[in-house]
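Peer 1: With chain A fixed as given, assemble chain B with the ligands onto it according to the hints.
In order, the protein sequence lines correspond to chains A and B. Going by our numbering, the first sequence opens with residue 1, and the numbers climb by one from there. Going by our numbering, the second sequence opens with residue 1, and the numbers climb by one from there.
Hints were generated in silico from the structure; no laboratory data involved. Careful: at least some of the hints might be erroneous.
[Said to hold, decoys possible] Each computed EDC-like pair below joins lysine to aspartate or glutamate, with the alpha-carbon atoms no more than 16 angstroms apart:
(1) Lys443/A with Glu481/A
(2) Lys319/B with Asp66/A
(3) Lys319/B with Glu67/A
[Claimed, not checked] Stretch-level coverage of chain B by chain A, calculated; a stretch enters the list once three of its residues show a Cβ under 8 angstroms from a Cβ in chain A:
(4) 275 to 285
(5) 308 to 321
Remember, it's a predicted structure, so these values are computed and weren't measured experimentally. Where is the CB? At the ideal position from N, CA and C, for every residue including glycine.
This is what each chain is made of:
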Amino acid sequence: MKAFATMLENLVFSPGRNAKLAHLVAWLRSNSGDSRGFGVAAVTGDLSLPHVKGKMIRDLAASASDETLFALSYDFVGDLAETVSLLWPQDHSHNDTDFALGDIVRQIQGATRKEAEAIMRFHLDRLDQTQRWALLKLATGGLRVGVSARLMRIALAQAFDQKVEDIEEIWPLLSPPYEPLFDWLEGRAMRPKSEGKAVFKPLMLANPLEEADRQKLALSDYQIEWKWDGARVQLVSAEEGVRLFSRSGDDISAAFPEMVIDPSFKGVLDGELLAGTPASLGSFNDLQQRLNRKKPSGKFITENPVFIRCYDILMQGGQDCRHLPLQQRRVMLETLMGTIDDERLDLSEMIAADRWEALDEMRTNCRANSLIEGVMLKQKSSTYQLGRIKGQWYKWKRNPFYADLVIMYAQRGHGKRSSKYSDFTFGAWQDTEDGRVIVPVGKAYSGFTDAELQKLDKFVRDHTIAKFGPVREVEQKLVIEAAFDSIHHSSRHKSGVAMRFPRFHAIRWDKDPEEADTLDSLRRLIS
Amino acid sequence: MISEWAYPRPEGLYIAPLDAYIDPVRPVARALITHGHADHARAGHGQVIATSQTLDIMGLRYGTDFTENAIALDYGQMRSEGAVQITMASAGHVLGSAQIVIDYQGKRLIAAGDYKRKYDPTVTPFEVVPCDVFITEATFGLPVFTHPDPMAEIEKLQNTRALFPHRSCFIGAYALGKAQRVISLLRLSGYDAPIYIHGALRALCDYYETQAVALGTLLPLPEKPRGGANKELAGQIIIGPPSAIGSPWANRLPDPIICFASGWMQVKARARQRSVEVPLILSDHADWTDILQTIEDVNPSEVWVTHGNEEALLYHLAKQGRDAKALAMVGFERAEGDEG
Ligand SMILES: [Zn+2]
Ligand SMILES: [Zn+2]
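Chain A on its own, in the form it takes in the complex:
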């Protein structure tokens, strides 16, 4: 546990990828067994201890310290697990025993909820503060140390001198504590086999298109498509069965059972999950309804159909086509789509544009369809690689909408920002029976600089009129210019509208809140 806790703390403070990598490699090399395997899973967010949840942590907190002192401490520290770890009364008579992380994880996994709490208490009494923090973080699954599964695989490759692709390939077959993986990496066994398995292939992503890129790129080298605003998915059809994965590789087959029944092909398709049918598209909200249901009923599925608009093909039959140029994959994809008659799948159409001006115009006009976020440009010669490769794929989003809104509430941020009020709720004017009032329309916590955050934080502290737990209500006097990608009707929000990705564009210290926008003017932006 000591080594794991130290490594975790080092990761939290490591400024960049290389430093994190060095800490991971050193830790991977100097540890062994279950503790290492579960540690890997904990860092990448793949370890869950179902019995340890927020409620248990709050119960533990209650016995860590006096309620008032706990509240004052939590307010200062800003992180529940860290506060508990700092306040837990340490029993120094137990020093110098090191408990294996693997043993602790297995104990908790095999326990009932009640036993799990007793196990947590037993260890909290015996571990030092850093280890208590690590245990609580691990147990609640909230590590946030900035290590993706990808970075962990790179670290594994470095630590054991293997090719990262070879680890990527078998990763989806493995689960914590990854015994077959370490058996192979340390030369005790052969590499596990992936043939015939329905496993996720990591996605290729696009970089935002910058002004400077436009001057360098020749449009004719690029395949252009609409950028659809659905959910990026991967459909895998293998000997073993059919599965649907989210962009992060989560298996979402259970939520979309109709998508994984008997497709008439074997292979892997990359596409966008959209609501409705190819002939009649649904809204993003419709898709959200489906994404929210983990186990939908048959009736719900019939009433809320979805389909996949296919962008790319990664495998055909047992053949990997990722090393082929996009141009060639596109032909394979079109051929495949021509041979299968399946209303759950359709083809993402290509757009023709020979000049940037023409493309820009299409990008601007695509606002008419709220499901199109902009255009994608993919180099025709690009092979399908993992991640955001420079110069290969670009996304060129349409311009956002802007509105002047009034800050109403503020809340402290998380992690690095926990000492500052950095999450804001803002509102627009509405005429009601009680006169003209400001009603909340959205929340944002990004788009400002550190210096602006300082000033916003001070504004909140100086203008608080009420406190509700962690939330402060402030005087309605500061206007911000908010940017957002789109706006929709929403029955779940009191204002009746929901913004997509609202963020700060400018803080209008100069502007009179009387001049802020109205809810009616926001409604008019709904397409």
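Peer 2: Below, chain B with the ligands without anything else, positioned relative to chain A:
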């Protein structure tokens, strides 16, 4: 009642029978100074009573004419002024830091200034002196602050350095006290290579040496090469004021591991805000446990709390059945992480 002759005024804590202020925030005719940190020791007082080391440090900072009349009163020495006795007791905070002990009308008041109880090879340890009123600081007056063993922090630093042998290592530490303590701890851990120090630390490090605090070889930084870092600093330790972190000055350090030696580093978000890679939890102030222990040791009939997070401490002391109150003093409302 001590509060009839010792009470806060805008200038600072006023001791009526002496017509003097303790650590006043603006120039006064007569000042008693606990230690040399800028928020306690200011220039321009008519008369200053402090330990000779504190007077020396004020002289280094403000020039020797910082007061018209400097009166040295060292640890254990007593000075009588009419019916009042003034005594200095070591506070363990920085070199020369003192608790000011005032005896008057059969009652004793102690203004402890800033103090600590943890190991520090550069200072005389805190002396427990029983009294009626004890004025304690509360910089770390929250139960989350239980600062670890200082040597464990040095070990943490050396482990990270071992992983990155080609990177330089910059430690941000306040010029008075913290910097010299970090250097001493490094020496104690067996690190005997030269340590590079920022110019702002030089005078005080030299002064510590004259006071028999051995710091080993301290080198000035080499001239900055045009547009780039000093390659010879790779693998070396450089100590400078925390304000140098992220300043153009720091560009001369090759791929620095940024460390910050401060008690605030115990809270992870505070370290991350400052983009610190190795937070060294080293405090020159008493942590929560040590504040409580000190109050128990001194066992005053009344505790006055100032300087920091009073709320939690007052609440806890009240719960323990102690008579405690906040001593709201102007000028000590500080931003976190200031020298203090
Ligand atoms: Zn001080
Ligand atoms: Zn101070």
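Peer 1: Verify the coverage statement for the region 275 to 285 of chain B against chain A, using a C-beta to C-beta distance below 8 angstroms and requiring 3 or more qualifying residues.
Peer 2: holds (count 5)
Peer 1: For a C-alpha distance cap of 16 angstroms, please report whether Lys319/B and Asp66/A respect it.
Peer 2: 10 angstroms, holds
Peer 1: Checking C-beta pairs, does the region 308 to 321 of chain B have three or more residues closer than 8 angstroms to chain A?
Peer 2: holds (count 6)
Peer 1: Taking 16 angstroms as the top limit, are the C-alpha atoms of Lys319/B and Glu67/A close enough?
Peer 2: 12 angstroms, holds
Peer 1: Please verify whether Lys443/A and Glu481/A have alpha carbons no more than 16 angstroms apart.
Peer 2: 13 angstroms, holds
In terms of the numbered hints stated before, the structure departs from none.
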